[in-house]
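Participant: Okay, here's what each chain looks like letter by letter:
Protein chains: 2
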Amino acid sequence: MPLTHTLKVELGDRSYPIYIGDGLLGEADLLGRHVDGQTALIISNTTVAPLYLASVQKSLDAHNIRHDNLLLDDGEQYKTIASVGIIIDRLLQQKHDRQTTLIALGGGVVGDITGFAASIYQRGVNYIQIPTTLLSQVDSSVGGKTGVNHVLGKNMIGTFYQPQCVLADTSTLDTLSDRELSAGLAEVIKYGLIRDAKFFQWLEQNIQKLKDRDKEALSEAIQISCNCKAEIVSIDEREAGIRAILNLGHSFGHAIETTMGYGNWLHGEAVAAGLVMAADLSERHRWIDQSVKQQTIALLEKSSLPVKAPTDMTFDQYVNAMAIDKKNVDGTIKLVLLKNLGEAFVTTDYDPKLLEQTINNS
Amino acid sequence: MPLTHTLKVELGDRSYPIYIGDGLLGEADLLGRHVDGQTALIISNTTVAPLYLASVQKSLDAHNIRHDNLLLDDGEQYKTIASVGIIIDRLLQQKHDRQTTLIALGGGVVGDITGFAASIYQRGVNYIQIPTTLLSQVDSSVGGKTGVNHVLGKNMIGTFYQPQCVLADTSTLDTLSDRELSAGLAEVIKYGLIRDAKFFQWLEQNIQKLKDRDKEALSEAIQISCNCKAEIVSIDEREAGIRAILNLGHSFGHAIETTMGYGNWLHGEAVAAGLVMAADLSERHRWIDQSVKQQTIALLEKSSLPVKAPTDMTFDQYVNAMAIDKKNVDGTIKLVLLKNLGEAFVTTDYDPKLLEQTINNS
Numbered sequence: 002m003p004l005t006h007t008l009k010v011e012l013g014d015r016s017y018p019i020y021i022g023d024g025l026l027g028e029a030d031l032l033g034r035h036v037d038g039q040t041a042l043i044i045s046n047t048t049v050a051p052l053y054l055a056s057v058q059k060s061l062d063a064h065n066i067r068h069d070n071l072l073l074d075d076g077e078q079y080k081t082i083a084s085v086g087i088i089i090d091r092l093l094q095q096k097h098d099r100q101t102t103l104i105a106l107g108g109g110v111v112g113d114i115t116g117f118a119a120s121i122y123q124r125g126v127n128y129i130q131i132p133t134t135l136l137s138q139v140d141s142s143v144g145g146k147t148g149v150n151h152v153l154g155k156n157m158i159g160t161f162y163q164p165q166c167v168l169a170d171t172s173t174l175d176t177l178s179d180r181e182l183s184a185g186l187a188e189v190i191k192y193g194l195i196r197d198a199k200f201f202q203w204l205e206q207n208i209q210k211l212k213d214r215d216k217e218a219l220s221e222a223i224q225i226s227c228n229c230k231a232e233i234v235s236i237d238e239r240e241a242g243i244r245a246i247l248n249l250g251h252s253f254g255h256a257i258e259t260t261m262g263y264g265n266w267l268h269g270e271a272v273a274a275g276l277v278m279a280a281d282l283s284e285r286h287r288w289i290d291q292s293v294k295q296q297t298i299a300l301l302e303k304s305s306l307p308v309k310a311p312t313d314m315t316f317d318q319y320v321n322a323m324a325i326d327k328k329n330v331d332g333t334i335k336l337v338l339l340k341n342l343g344e345a346f347v348t349t350d351y352d353p354k355l356l357e358q359t360i361n362n363s
Numbered sequence: 002m003p004l005t006h007t008l009k010v011e012l013g014d015r016s017y018p019i020y021i022g023d024g025l026l027g028e029a030d031l032l033g034r035h036v037d038g039q040t041a042l043i044i045s046n047t048t049v050a051p052l053y054l055a056s057v058q059k060s061l062d063a064h065n066i067r068h069d070n071l072l073l074d075d076g077e078q079y080k081t082i083a084s085v086g087i088i089i090d091r092l093l094q095q096k097h098d099r100q101t102t103l104i105a106l107g108g109g110v111v112g113d114i115t116g117f118a119a120s121i122y123q124r125g126v127n128y129i130q131i132p133t134t135l136l137s138q139v140d141s142s143v144g145g146k147t148g149v150n151h152v153l154g155k156n157m158i159g160t161f162y163q164p165q166c167v168l169a170d171t172s173t174l175d176t177l178s179d180r181e182l183s184a185g186l187a188e189v190i191k192y193g194l195i196r197d198a199k200f201f202q203w204l205e206q207n208i209q210k211l212k213d214r215d216k217e218a219l220s221e222a223i224q225i226s227c228n229c230k231a232e233i234v235s236i237d238e239r240e241a242g243i244r245a246i247l248n249l250g251h252s253f254g255h256a257i258e259t260t261m262g263y264g265n266w267l268h269g270e271a272v273a274a275g276l277v278m279a280a281d282l283s284e285r286h287r288w289i290d291q292s293v294k295q296q297t298i299a300l301l302e303k304s305s306l307p308v309k310a311p312t313d314m315t316f317d318q319y320v321n322a323m324a325i326d327k328k329n330v331d332g333t334i335k336l337v338l339l340k341n342l343g344e345a346f347v348t349t350d351y352d353p354k355l356l357e358q359t360i361n362n363s
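Chains as they are written, first to last, in the numbering used here: chain A, 2 to 363; chain B, 2 to 363.
Some hints here could point you the wrong way.
Since the list can't tell identical chains apart, any single copy or any two copies may satisfy a pair.
Below, simulated DSSO-like cross-link-like pairs (lysine-lysine); rule was C-alpha separation at most 27 Å, straight line [as the list claims (entries may be wrong)]: (1) Lys335 x Lys9; (2) Lys335 x Lys59; (3) Lys96 x Lys354; (4) Lys216 x Lys309; (5) Lys96 x Lys335; (6) Lys96 x Lys59.
No wet-lab data here; the hints were simulated from the structure.
Just so we're clear, the structure is a prediction, and the values are computed from it rather than from any experiment.
Between the sequences and the hints, there should be enough to build the whole structure, so can you do that?
Facilitator: What follows is the structure in structure tokens.
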């Protein structure tokens, strides 16, 4: 029996566990006990399914759960309402009723689409997250943000809808490309920046181990990240306040993703460039020392992440994409910035000229 | 100041008022106080907008709320994910943020689509129901069921998402066609059948007044209907149990609507035929006297509603459409039936042969 860590997202009657461990997909009971009905639809993509679908199917078979599967194309460019339509069609064609469970097997794109489909099929059915990328294990699978992109903005269509459980098997990271692993590290580093200076220092010391896929280091990083996210989500599920700090770097990052076309920059890569921009703007306001920005850049660079935004993006492109981004209230662009290493805050009270300088110099 | 009745749907921090009265659209404050932000998108259709849009716009102007409007085509056949897409596109094009409010001005189709769009735009924005048909005033505007149809089933895509308030102006019923008025009466009669024998008797005595659009009688019928629905929804928001009795006649009715093509039978007309089928099946089990079925038929006939299902629908067509209907658990067709006038119950424990007889003889 492999060593498993269990965290809990505390949300009253919507609380759920996060299981983190090496080889969890082989434990049929873990999955089986969270499927309430007798049917399930596994949603995955053409990259992940050949690797892990059989294992999930075996777990369901062991519990006599009838299962179908649906494979989407792989990539952020398929995180669209059209993909949701394909899932809904399949559920209806195969007569899945309100007691069915959707199982998301894949990265953040699969998880976000599946969660959204679960939230709107017959006004809501259960779903389970089995994230197979570092990024989805530390971020998108936890917290119930579901959704798809629109040509005019990222995640513009979606719901808050919590899963029955999250099952993060660290052995799935063995098959991840180096680029995807690095993309996940961007979100891990974000947790250090927003709330945990000690964790940031730990990351500075252990970054090579993480890149080398040392299981113990990865497990530690995932646990600390998930714990940070679970705590924040428990306080503010629907992002009325503090949850917004999880979006450090994301307003800039989303603008990059939207403008450059989904899939060209990985989400984590765009976030990495966005983290540097957030640090830069914070420094221009003298809210943080230059050293914090430099440390951020250094750690991202060691993680093989971009620290420069695309050079061909104009100021107007940023502002147009950011103005429509969901983090804004009544037209003002709200930003998450740093007032210290390990301390983020949400503000509209920044100097627009400094924002322009940050954009023009990134 | 016109006489207004206020009911409340009690749902903790999602509670909201239902205002019922003659001329409410002329009261700018009533609408204004329920719009939190500074922007709104009014969604209506090409039939209703020429009659009442100006009045709603005036109320918003009086509160300095920036408003846009979007007119959908009129009819159940437009209750589709495509219409939701049009709303989302418009919201993004006009840069509505998370603080915006959607206002549904129209019948059940406009209300259901608008509520669904509100629930998924940027993971949920506020919306207000201004129902302008009898059916939507007594049923669909209350209780937070949102959704759209799929070619394989009615309301298969949707959410539970409560509005900020419901504003039912009985003067809007003056412009309703006789056919639409009758369709609304089907849902009114349903409330008597499922929970209120006294109300059923009152309806028998006052049906002509209602058809003649007597304001006092209509207001009374709307209040009693909304009160019944508000009580049930407060107990069981997400239809885990008792809320299902509100679906009396609806499994049969949905099968008729789906099979005959949306828009050919009005929802209320299909429900009327469905109510007779539910009474017929209940009588075949000797759960109700023949007299109850006869009273039901007589009252529906006096309301100018169909009491016979389409003759060209086969048993298989019913069972196929019903098997996918959302009222089922793990494949068994769950039905709402009567055990008395004024007492409905949910059951899977009926004789399939009697169901076949009901379908073949309806």
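Participant: Run every hint past the structure and note whether it holds.
Facilitator: Going down the list of hints, with the structure as the test:
no.	hint	verdict
1	Lys335 x Lys9	neither (30 Å within a copy, 35 Å between copies)
2	Lys335 x Lys59	neither (47 Å within a copy, 31 Å between copies)
3	Lys96 x Lys354	between (57 Å within a copy, 23 Å between copies)
4	Lys216 x Lys309	neither (30 Å within a copy, 68 Å between copies)
5	Lys96 x Lys335	between (44 Å within a copy, 15 Å between copies)
6	Lys96 x Lys59	within (22 Å within a copy, 47 Å between copies)
The structure is inconsistent with the numbered hints 1, 2 and 4, although it conforms to all the rest.
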